[in-house]
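Enquirer: The residues making up each chain are set out below.
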Amino acid sequence: MTDSKYFTTTKKGEIFELKAELNSDKKEKKKEAVKKVIASMTVGKDVSALFPDVVNCMQTDNLELKKLVYLYLMNYAKSQPDMAIMAVNTFVKDCEDPNPLIRALAVRTMGCIRVDKITEYLCEPLRKCLKDEDPYVRKTAAVCVAKLHDINAQLVEDQGFLDTLKDLISDSNPMVVANAVAALSEIAESHPSSNLLDLNPQSINKLLTALNECTEWGQIFILDCLANYTPKDDREAQSICERVTPRLSHANSAVVLSAVKVLMKFMEMLSKDLDYYGTLLKKLAPPLVTLLSAEPELQYVALRNINLIVQKRPEILKHEMKVFFVKYNDPIYVKLEKLDIMIRLASQANIAQVLAELKEYATEVDVDFVRKAVRAIGRCAIKVEQSAERCVSTLLDLIQTKVNYVVQEAIVVIKDIFRKYPNKYESVIATLCENLDSLDEPEARAAMIWIVGEYAERIDNADELLESFLEGFHDESTQVQLQLLTAIVKLFLKKPTETQELVQQVLSLATQDSDNPDLRDRGYIYWRLLSTDPVAAKEVVLAEKPLISEETDLIEPTLLDELICYIGTLASVYHKPPSAFVEGGRGVVHKSLPPRTASSESTESPEMAPAGAPPGEQLDVIPTQGDLLGDLLNLDLGPPVSGPPLATSSVQMGAVDLLGGGLDSLIGAPNFVAPPAATVPANLGAPMGSGLSDLFDLTSGVGTLSGSYVAPKAVWLPAMKAKGLEISGTFTRQVGSISMDLQLTNKALQVMTDFAIQFNRNSFGLAPAAPLQVHAPLSPNQTVEISLPLNTVGSVMKMEPLNNLQVAVKNNIDVFYFSTLYPLHILFVEDGKMGES
Amino acid sequence: MYTKFTLLFPLQKMIHSLFLINCSGDIFLEKHWKSVVSQSVCDYFFEAQEKAVDVENVPPVISTPHHYLISIYRDKLFFVSVIQTEVPPLFVIEFLHRVADTFQDYFGECSEAAIKDNVVIVYELLEEMLDNGFPLATESNILKELIKPPTILRSVVNSITDYEGSSNVGDTLPTGQLSNIPWRRAGVKYTNNEAYFDVVEEIDAIIDKSGSTVFAEIQGVIDACIKLSGMPDLSLSFMNPRLLDDVSFHPCIRFKRWESERVLSFIPPDGNFRLISYRVSSQNLVAIPVYVKHSISFKENSSCGRFDITIGPKQNMGKTIEGITVTVHMPKVVLNMNLTPTQGSYTFDPVTKVLTWDVGKITPQKLPSLKGLVNLQSGAPKPEENPSLNIQFKIQQLAISGLKVNRLDMYGEKYKPFKGVKYVTKAGKFQVRT
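Top line first, the protein sequences correspond to chains A and B. Counting with UniProt numbering, you get residues 1 to 837 for the letters of the first sequence. Counting with UniProt numbering, you get residues 1 to 434 for the letters of the second sequence.
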């Protein structure tokens, strides 16, 4: 007999039957009934109606039955808070049980029951359990503090649980230490300003000791905690590194990656001349490679992280190219990542091998993979100059296969190769032109048109070729249209006699018949240039273009440094800082790598100061968005351009550091003189901007407080509390009128209609000035933004706190209540006086 | 002077919920550690699954507007976890694999049927393994003391009697749970004390058309089966420990002893476990035990092609190569294959286009070959590329890297254990391009 019998119940009166069984006198029957209830729960059936009957089974000596009832309670207590109170006595009693297993079980379950009334009763038992003689109970209680904090933070602080938790970091048992660290970390997350874990050399030492003795999961918590510490000098950094390196040989890949994070971060503080630095570099390679022999899901996460690591420190894996070779039965998501890393590691030494592999991949079955492989060949050509010729001939071979998507992809990358090595490979243009007709993707068409325009003087029938594209001008995508416009203007400037008609035609198509403002603008600019000063037009349109940079799609250095601090997290998988995507994003603060500090006062050279790219390896990373200047030089397609060799990264680091206040050695260093203004917009605009954006945000916040400062929308009513309706909103004041900007999202599966809103009486008499207007029914997953005008003529009642506002929202499903605090400034008139109140 | 640094990383509360989904897309089990998350969150997963076509290609991390879904694919089942805040994905993936391992360990297989048959134990296990997102007990030894695995005897007893004392749940605290050696319980007793080690090496290789090695490495593991009473303290030494420069250890191994003396010193868990895994990389010259002669050709403008492969032994250190299987994913235009093997048998599945040749073992006197005609779809262009051959084989009594156990010593207990070491080499991802 197996548990599958629990699933076979008669449809009719299932709940009724279970109820009878739960109230049976026979203990065994009771237990069977509870098992049936649990089985229903596992498949998502709602058995909450049985709550009182199940709770009645709780008082038992049978541990298994007790555990099962606890499982049930955790699932449903929330929906039956009044009933849940019935369980409190048993919990309190169980917390006194002589068996530590039962004490721990009770305190653990109580913490999972998110009912306010229960939490009050939890405090005393929890206090005892935190000081229990048995470490198993203490360790469970430590986690329980974090749970309780999540339900009622104030209570935890008032009861002094945080201090007890801090004391547990010095516990004699490593498992207790690990759980205390984990719990404190979780609490700190919701309290960014609190100083819960002030890491200092003493507490770090305790953590390092516990690291050796606790379980693998505890090791991860501790390592992640260590990664947030900034050692005082390079000696301390080195000694921590030495104690962390053994973790690289752990069988658990999450432990390995967390250790890699600590090492990557602290390495930043070590001088490259140090012998230990070299040793550490060598030690990092094998564990990273080993991660690639794990299950594909682990490989994927490892590869995303390795991608960051090779950008930051390419020397670690430079000899390990082969492990990234693709196997034909790798999952596609692993293949694509491996390919990316292969290109990053490509160098003169291994390029022959890489190219042979890429050519092999370009004939595989999977279209996405093949495309990326073809593109990779082009990137190799740009990255390793010596290989360019071989890459071009490989690409030509691939074009001969006539496989449509291969040809198109090849043409796109050949265009980039032309941009990198002008006047070198024009002999292949004839072959490219043969494939003109088969190009149906905008990017490939645009690339081909660019080539024809750029080399118009060497292609006899360039005018015919371009004319053929012109026929369907309006059906082309913007990218192709813009490119065609520029190419024909180029052609005209090169062969003015034969192509006057053609250029007239394209200019009128672009300016008169197009709705696209970009296209029109560019058309007019060319037109005016050509009509007023053809010489100037020539200088602008046929200007020498800057070469494209060696490495495209590198992660911008400041972001890379931040991501290195987040190795092993979701941020590292998405290559975005956590602030960019974690919901709520509360308390996310930008992390940065520690600056290098020498232990002795001497040897302070200016090159050592920036934490970013080391000198001599400056990376030009440029935003891909073309600006006007770029447009005119027709740089808008393809990869970014490299400008003059500016120390992009160090400039940014300088800026950031200046803001942070870590000045000393930086200001004196010549690297940080701002670049001449003229060169800035072309390639530094965006990164500089983002680097300074914090500062701007700050000022805008302060400066506009009296006027139209608008707080970001906050979730006022989570979907869980309102049967799928989520409301977030904020208050604004504009030109004397107050409004409440709401965003309603339907997360339920049914359509919502009949919305209405009402405010409770409040301190300033805020009231809706108009009914809530939701024009159409809100279908599932739909969001609407509504601005609700408010006035202050409603009835007044003093609220606690003063700016508390209680709101009721109704829809066809139910009525929901929430309360929110409004910023007082919305009540002020713009001239700085109090409004009517 | 030290910098006071506030902890600011959103990390824990890792797994909010877990859904188990079978290949036909049925959610057959759900477990919530915090609040109940609606099944509809899995729709995002199904969407990704549809896009990926092949089950193996479903990306392991999927973002949805309010959650992240981190999943693994094991034994034809998807373990889909729902995440609400930033977590280390490897942590989650490792944990999910651990859950699957535990099911395997408890029920003999990790299948939908086994999980459904033991749903209550599954639920108890999941609860025991994770508390509020913190892994609680994941060591099989500890779990088995807390929750007893189903045995035939116990389920018989449970079903025929109404015996009240029968319970799946242990009612005392596991002894190993908090000691410094959480992986071992106290009071282990055996009448026959035995310690067995299996050295298993897999060769991952890519061989190019001409037969030269593009890439090769050895992935090795030492799996142990230890049935020793009391608290034995073992040390295992090797003839050639230098081979092991890239190693991952079971937590029981004392790292310092390894660093200083190259000896594996440990108090073992009870029962089966993986002692170490290691990698011998291409720099150390990986021996390739088999070679393949192949000639696969498709004629232009004709509806047939030729297929001819022969397998022979290469560097096999005088041992027999057995259990050979060749698997080939033929191009889509192949309709059928008409082949003759000199030994073994072959099958070709015209739907999946997979050719499988079960060869058996190689006798050097008469090399196995498979040749014949390939029928192509008429009118279709000939395939661009020849297919890769995927080869499986096995060599008993040999660790291809040359790794050899020197001796095993036991301290701390008085009895004399029975010791044994077995070696085997297998093909891992072994691919021959043609």
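It is worth saying that the hints were derived from the structure and are not from the lab. Yeah, the Cβ is synthetic: ideal placement off N, Cα and C, and Gly gets one too. Accuracy of the hints is not assured; some may be wrong.
[What the hints assert, rightly or not] Below, simulated DSSO-like cross-link-like pairs (lysine-lysine); rule was C-alpha separation at most 30 Å, straight line:
id : chain 1 : residue 1 : chain 2 : residue 2
1  : A       : K19       : B       : K414
2  : B       : K116      : A       : K35
3  : A       : K327      : B       : K414
4  : B       : K371      : B       : K422
5  : B       : K51       : A       : K327
6  : A       : K327      : B       : K34
7  : A       : K318      : B       : K414
8  : B       : K414      : B       : K426
9  : A       : K495      : A       : K538
10 : A       : K494      : A       : K545
11 : A       : K29       : B       : K116
12 : B       : K34       : A       : K372
13 : A       : K128      : B       : K34
14 : A       : K131      : B       : K116
15 : B       : K76       : A       : K35
16 : B       : K319      : A       : K35
17 : A       : K35       : B       : K382
18 : B       : K382      : B       : K332
19 : A       : K327      : B       : K299
[Unchecked claim] Taking beta-carbon pairs under 8 Å as the criterion, some of the chain A residues facing chain B (in silico):
id : residue
20 : R108
21 : T119
22 : P246
23 : A251
24 : N252
25 : V289
26 : I332
27 : G765
Enquirer: Compare the structure with each hint and give your call.
Expert: Hint by hint, here is what the structure shows:
no., hint, result
1, A:K19 to B:K414, "58 Å, violated"
2, B:K116 to A:K35, "13 Å, holds"
3, A:K327 to B:K414, "50 Å, violated"
4, B:K371 to B:K422, "37 Å, violated"
5, B:K51 to A:K327, "22 Å, holds"
6, A:K327 to B:K34, "40 Å, violated"
7, A:K318 to B:K414, "51 Å, violated"
8, B:K414 to B:K426, "37 Å, violated"
9, A:K495 to A:K538, "12 Å, holds"
10, A:K494 to A:K545, "16 Å, holds"
11, A:K29 to B:K116, "20 Å, holds"
12, B:K34 to A:K372, "41 Å, violated"
13, A:K128 to B:K34, "24 Å, holds"
14, A:K131 to B:K116, "40 Å, violated"
15, B:K76 to A:K35, "27 Å, holds"
16, B:K319 to A:K35, "55 Å, violated"
17, A:K35 to B:K382, "60 Å, violated"
18, B:K382 to B:K332, "10 Å, holds"
19, A:K327 to B:K299, "27 Å, holds"
20, R108, "6 Å, holds"
21, T119, "14 Å, violated"
22, P246, "4 Å, holds"
23, A251, "5 Å, holds"
24, N252, "6 Å, holds"
25, V289, "7 Å, holds"
26, I332, "5 Å, holds"
27, G765, "36 Å, violated"
In summary, the structure is inconsistent with hints 1, 3, 4, 6, 7, 8, 12, 14, 16, 17, 21, 27 from the numbered list given earlier, while agreeing with the others.
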